[in-house]
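Enquirer: Chain by chain, the residues:
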Amino acid sequence: MSASVLIIIPAYNEEKTITSILTRLRQEAPDYDRVVVNDGSKDATGKIVTDLGEKQLSLPCNIGYGHALQTGLKYGLVQSYDIVVSMDADGQHQPEDVPRLVKALQESDADLVIGSRFCDTGSYNTPINRRLGQIFFSYLTQLLVGQRIYDTSSGFKALKSQACKVIINGNFMDFHLESIVQLSLRKYKIIEVPVVVHERKFGYSMHSIASVFHYPIKTILLTVVAFMDAFVIRRSR
Amino acid sequence: MSLQGILFIDLLGLGFMIWLLNLVRTKKLYISYAAIWFLAVLGMMILISVPAFLNGLPQLVGATYPASAISLLAFIFIFVILIFFSVQLSIISTRQTELIQAMAIKGLLEQEDPANQKISHSANQ
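Residue numbers (the working numbering), protein chains in the order written: chain A, 1 to 237; chain B, 1 to 125.
Bear in mind the hints are in silico, worked out from the structure with no lab data behind them. Backbone N, C-alpha and C fix where the C-beta goes; we use that ideal spot for every residue, glycine too. Among the clues, some could well be false.
Unchecked claim - With beta-carbon atoms standing in for the labels, derived distance ranges: (1) B/Q96 <-> A/R235: 29 to 37 Å; (2) A/S2 <-> B/I81: 50 to 58 Å; (3) B/I36 <-> A/R234: 35 to 43 Å.
Stated by the list, open to error - PhoX-like mimics (lysine-lysine), calculated; alpha carbons at most 20 Å apart, straight line: (4) A/K160 <-> A/K187; (5) B/K28 <-> A/K47; (6) A/K165 <-> A/K187; (7) A/K55 <-> B/K106; (8) A/K74 <-> B/K27.
Turn these sequences into a full structure, and let the hints guide you.
Expert: See the structure below:
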């Protein structure tokens, strides 16, 4: 019996790209279910998704990428999907790569597959501050959990429902380093698969100038919390 | 502290207490939060009105002057209360996020399965 797969697409003001993403997903991954988490978009994103007849989790106000994604994960668990895939709605991720991620998850004994921009060709152009941050967090994973993850902030991931439960119940920000460490400390297996990621053509990135300082601090704090969590769980057993 | 100073602080404290009570009366402040501020104002009034407390305080916290000791205590109190309110704010934010998420999931589940809608409507009546 084939596993049931749900693709979660958090979207905030993505009217220019959402049609293309959903249409291509229908072609490239016809057997998988899709749900758009409309994170309080002020443009026509919600209407476009409805007109296309796609499933939509409509949030009444903007609660941020991490919580929007968490809503999709919760829905996936409520509907008992075996595998959930998260991808961005801004056109940076290629729908053609979704079956590859799912296949990698099914064929390996991994619980989480990360669609990585940097583990193979490394052709993705990113601002120097973010690239430096990426390298720092990449080495940090190696230091903390003994496995180097090249792309800790990728939004393109596939995971099994057991891993999904851990993520939802843990401390959650953007499903980046903090979640990787959380899963790794609980002996869930993580692998990376190289994917092609395009530059964003429309809309705005969720990372502001303030996030240059805010993001690393929050991520490091949540990673420490993940360690504390693992310690408390080990002690309580 | 001079009698004039003590009277001034006590009158100010009394004014704060009346203000707090009025905020509770008009439902603008929860009684549990009002109680914290009420105790803080009362503590400050007692500390300043009773010379033995005021003179003993610097020795207790290792300060040279009573004013320094009171400032230190005030700083600690403000620090603790700010953390307390950050916690309260976080609890409210978490509850709000969970509520918004539950609403969205419920909305989609009802669309997918109209039977769910009937159940939830009858439950609401």
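Enquirer: Check each numbered hint from earlier against the structure, then list the numbers of those it violates in ascending order.
Expert: Hints 5 and 8 not satisfied by this model.
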